[in-house]
Amino acid sequence: MIREAVLTDLQKIVGKENVLNTPEGLKAYSYDGTTSWQHEPDVVVFPKTAGEISEILKLANKEKIPVTPRGGGTNVSGGSVPMLGGIVLVTTKMNNILKIDKENLSATVEAGVVLQDLTLKLAKDGLFFPPDPQSFLGATMGGIIAENAGGPACVKYGVTKQYILGIEAVLPTGEIVNLGGRTLKNVVGYDLLHIFISSEGTLGVVTKAELKLRPLPPAKKTIMAVYADVAVAGESVYRVLENGVIPDKIELLDNWVINRIEEMAPMGLPKDADAVLLFECDGIPETVEKETEKIVEIVKKYGASDVRVAKDQAEADKYWMARKAGFAAVFGKAPTVLSEDVTVPRGNIPALIKKIKEIAKKYNVESCVLGHAGDGNLHPSVLTDMKNKEHYERSIKAIDEIIESAVELGGVLSGEHGIGLEKQKFFNRVTNPVVVNLMKGVKNLFDPNNIMNPGKIWD
Amino acid sequence: MEDLKELKKIEKYADQCMKCGFCSFFCPVYQEEKVETAVARGKNYLVRQALKGEQKFTPEMGNIIGKCLLCKRCVANCPAKTQIDRVVVGARAQMVKNKGLGFIKNFAFRKVMSNRKAFGRYVKMAKAFQWMMPTTEGKIRHLPDFLKALGAGRNIPTLADKFLRDVVQRVNKPKNGKAPVMRVGFFSGCAMDFIFPEIALKMIDVLTNHGVEVVVPEEQNCCGAAIYFSGDFETGRMLAEKNIEAFKDFDYVVTGCGTCSSTLKDYQKYLPDTEDQQKRYEAFEKKVKDSTEFLIDVLKINPEEFKLKKEFVGKTATWHDPCHLVRYQNIKEQPRAILKALKGLNYVEMPNADMCCGMGGSFSVYHYDLSKKIALKKMDGIKTTGADIVVTACPGCMINLIDNVLQNKMPQKVHHYLELIE
Ligand SMILES: Cc1cc2nc3c(=O)[nH]c(=O)nc-3n(C[C@H](O)[C@H](O)[C@H](O)COP(=O)(O)OP(=O)(O)OC[C@H]3O[C@@H](n4cnc5c(N)ncnc54)[C@H](O)[C@@H]3O)c2cc1C
Ligand code: SF4
Ligand code: SF4
Ligand code: SF4
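Read top to bottom, the protein sequences are chains A and B. Residue 10 is where the first sequence starts when you use our numbering, and the numbers rise one by one after that. Residue 14 is where the second sequence starts when you use our numbering, and the numbers rise one by one after that.
Since the hints were made in silico from the structure, they are not lab data. Beta carbons: idealized from backbone N, C-alpha and C, even for Gly. Incorrect hints may have been included.
[Stated by the list, open to error] As a list, the in silico DSBU-like pairs of lysine-lysine whose alpha-carbon atoms are at most 30 angstroms apart:
(1) A:LYS229 / A:LYS280
(2) B:LYS390 / A:LYS111
(3) B:LYS47 / B:LYS65
(4) A:LYS130 / B:LYS94
(5) A:LYS333 / B:LYS25
(6) A:LYS398 / B:LYS25
[Said to hold, decoys possible] Some chain B residues well away from chain A (every beta-carbon gap over 10 angstroms; in silico):
(7) LYS18
(8) GLY113
(9) ASN189
(10) ALA259
(11) LYS261
(12) GLU295
(13) ALA296
(14) ILE314
(15) THR329
(16) GLU432
Okay, chain B solo, but in the shape it has when bound:
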């Protein structure tokens, strides 16, 4: 029998499912495909069969557990509280363990590579960006993935002229010259580093304006989302250890990327192999705060204190809930509080604000067409608001929203909420 250690860890979650089928209504993937293997119930069933030794880790099995956004909509609405995200990630980890990392990736890439046009574009992209790889080597093992995600025929935000790491100061003292009320470590994440450094700088600005000392440790690494969600727990664990070490001197680790904050918090859920790791990862989780949560819940800033940048006065804005904020971290009121308090900005809620934008990390690389269909529903929601700007707090979502707004020839601009603040 194949090794089932990782599956055993999630057995109790898989056993929760009573096959009621409610998840089919909430799963964005099922809503497009209408096939049982796409929905949480089907995936969960197959994993349970694998646990019983009645289902092998076939390429098709890899495809099935790969086709999940990990958006957790099924989890949020499951009456039995089945945690499909953990089941899916556990199954991916088992698969990587038994079959090797290349296996899942290779298979998934068949989708891209078997499409000649997409493949051509992808190679061109990869080539065009290769120049930057040596300068960043060692810290971004997932970068090729990330580039591929950008490559398959998308509208790509240009890479920043200067990466955050080249321009940011390591230590940023409070603006008011007073002793800091708090010292926090800033986790940049790769998107902030390479694509949106100005947002990261803005965040440091906002924090230092509020009396916080912000340190940007050079030793930090990628959060590991793309890596451990694909089942590469080994590399994930390595990153976790490095990040925990890099931020050991701070009470809080703050980030402006919803995926990063959630990924760092969830080390404890997925990666521990020993009790010691479990304890340390749990302790780390408590230190991690998403910027929205940090500003409102930790610093307790009155949202009225934020001022709207001039260029946005009179505009209408709507909020897109990143899955990694709204469901992974239960953060939904904090960003809305900020947006609603910004004088001069008109806030409208969109109908499906909490529905996944279709990005799902590397999901959108392997299943770009499907991702676009899912995004189309998001776009419909945005359209009904009549908003000028779509605001969110995850660079991953931003990249996908920008792409889809353009694809659908919509007038909306996509912004990180920090960009709206003076």
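In isolation and in its complexed conformation, chain A is listed as follows:
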């Protein structure tokens, strides 16, 4: 529990109205997007400036109170759950888009800006920020940077770290620092910026960011390829890419997902297909046309049983709606869903998919796969019910084995959600102790008293 005096100090720093410690308020900040992790903080604060955050962190550092930063609370790794209580520091009231610089294709934003708000604003200037976590309606820029998020468009555009030029951050000891800068090139000493990106809130609080933008592509086209075998679909992914076409998105839905979507909201997806791939090409119209033709040709050659090119935006929107409905369909279908974000080198997608099916069979659990196949990032999911102990334990075993298979296939534990609490046990198992120690050393350097989001990643 936090002392009364600390509460008073916090109220002095951010104002009474920006300190929340009612039992109801604390409950509302005890969770994130995961099912399995919950813990109440002692107090929630809503700072508005880096200066306030600096004061809060100095206080916490002196009192050795854990501080967990939180943006939209949409992460699915347990990252913003305050496992040791203390302060939850919420950035949602720091949500100003400070500058959009069309000339330099960059923007300056506060950490609490929600991605969709930014996207809408940028679109007015014909610009966009390419990283597109599918939580864009709730995720904040701070959270996106802290998790190095990425979504479907990463096949072509890459992930968050490729689009952050610099940040302003507050260190756990209270100093306000600028890492990186505003230029495209920057080789001034160690790249501390990129240590901070994907640090999951353990090194400090991002308060501002300088983003790299791109002009909105003038044309887009969507292609749906239908497969009788999900592994063949997996093969098509790298066949397309090795043949020199880089679509901005390649998404995969398996038979189970297709059918749940069709039950929820019929969109005319092929219900007996084992899988479909959705491609999107973007760029200047001529290129998009050529790339579309090429994709159609390649997927046909490598085993697609049917290929549909969306004739207009309305049809394309329908397919992407289906993709978006995908995870809702999965989550709505069982009381508890264990969903992973393992990522393998693209060539191993078919092998991983086969493996997932075998494992699900072995443990007799219902499973499905959807995901950003274009970058090898799959979301294998197992449906279970936490209240059914026996089934739940079996499902955990299945998902553990799926993760291990992915790693064996040359993949990584997490493609986009981070380690947080969800993947700690694997992290410690598969990471070289020398590397873990290096990370701990970095942490200690930034945060000598271990107040910043303690209990995460390797703890």
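Since chain A is already given, all that's left is putting chain B with the ligands on it; use the hints.
Below, chain B with the ligands without anything else, positioned relative to chain A:
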């Protein structure tokens, strides 16, 4: 353990939520407050904790579930189809059941009463209007609420010199003297009765012009929106029974108030306690039609047949979707079809046409400042259209839009779509 009967009824809706946080983008309340307890996800979580016995019905809990417009924007955009409106109303009902009606109200009113200025104005208002209460006693238990809603420093449309009930004929035959194509019951609702009787008369006029016989049953009561949405299911059920009885002889119940039509249709969702009630309320739902829906879908009038009143010729109009039409009843094309077909009127769509105006029934009484902030976004949308008039089909929205247009010194006039029709 506290009684959880009402919560149990909505448990399955609450369980749908997977905590993705998408609703935060759509919730007008969260967009202003940026605090988790304001958004659907947070409310839903707390209700689930209550179901588990881990959260009590504290005053703060009352405040949290009270701070919801029931605008259903979260519901419309929730990938898991979580029905937060039902969860919130269910929780309010449980709270009223366990703690008594005064509890929620008293607490909510602390907001008004703790503000001396607002309170003073409110008392003055209540006093000024007290004279009318005896004449309407018995049918308008929620009227004090309604007056308070008008009281907290707002621009108030003056009460009509003569209420609808004093001037309307009980039976209105078709104008053409022919046998009626249909006989419908007209549900007036309190706003039409006390503030906009001329709109109600206009509607009767439009219907009788199209060969419909319109009966205005005296036995009808308030729809009950303000009452059962606050969780007073008992009174709500009483009103439902009375209204169903009052309209038992008609195939259709038609109203010009979006909130009324939706509220009457939704008796079946919230109020039934027995299977018999469920069946009867469902049957009643099928009879209820909003006027826009009735004209276009039931009477199948070609929108081209409507003529624009002279005074509006050459004006530019934009449409505000009342939550109770667009999301509760999925009515969005019908009114637009009418407006677009009116020759001489220039129609422009506003950017956030379906966003709540901030009224949310008694929400705006308890949270007037917040309501104004929400309305400000609506006003921005209206401004970008350059429209002369804002058109809608819910008196509640009209009252709020009028207030906010004036507060923001905007030139637009607010009208019910029926006022535009010759
Ligand atoms: C339905 C759904 C779909 C998703 N899709 C994707 C996807 O496609 N790709 C993807 O990468 N992720 C995805 N995610 C995961 C999640 O949305 C992202 O990790 C997102 O970046 C989190 O942002 P947030 O603002 O919600 O952060 P939070 O959840 O609040 O926090 C995430 C982490 O960042 C830290 N943090 C937050 N703000 C700051 C700050 N200002 N400074 C320092 N640390 C901070 C927190 O301590 C925590 O460790 C998805 C989640 C959901 C629920
Ligand atoms: S959008 Fe729906 S599922 Fe997601 S958090 Fe909100 S209510 Fe829950
Ligand atoms: S109904 Fe409206 S106000 Fe209530 S939680 Fe949903 S979006 Fe927010
Ligand atoms: S919804 Fe409003 S206008 Fe309609 S009857 Fe009820 S209180 Fe009156």
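Each hint tested on the structure:
1. A:LYS229 / A:LYS280: Holds. LYS229 of chain A to LYS280 of chain A sits at ~26 angstroms (cutoff 30 angstroms).
2. B:LYS390 / A:LYS111: holds (26 angstroms)
3. B:LYS47 / B:LYS65: With Cα atoms ~26 angstroms apart, LYS47 of chain B and LYS65 of chain B stay inside 30 angstroms; holds.
4. A:LYS130 / B:LYS94: holds (28 angstroms)
5. A:LYS333 / B:LYS25: holds (23 angstroms)
6. A:LYS398 / B:LYS25: The given pair, whose Cα atoms are some 21 angstroms apart, holds under the 30 angstroms limit.
7. LYS18: Consistent with the label, LYS18 of chain B stays out of reach of chain A, its closest Cβ about 22 angstroms off (over 10 angstroms).
8. GLY113: Label holds. Min Cβ-Cβ 20 angstroms, cutoff 10 angstroms.
9. ASN189: holds (43 angstroms)
10. ALA259: ALA259 of chain B is indeed farther than 10 angstroms from all Cβ atoms of chain A, at 38 angstroms.
11. LYS261: holds (37 angstroms)
12. GLU295: holds (24 angstroms)
13. ALA296: Given that every Cβ of chain A is farther than 10 angstroms from that of ALA296 of chain B, nearest at about 28 angstroms, it holds.
14. ILE314: holds (29 angstroms)
15. THR329: Non-interface label on THR329 of chain B holds, nearest chain A Cβ at 23 angstroms vs cutoff 10 angstroms.
16. GLU432: Since the minimum Cβ distance to chain A is about 34 angstroms, GLU432 of chain B lies beyond 10 angstroms and the statement holds.
In this structure, none of the earlier numbered hints is contradicted; all agree with it.
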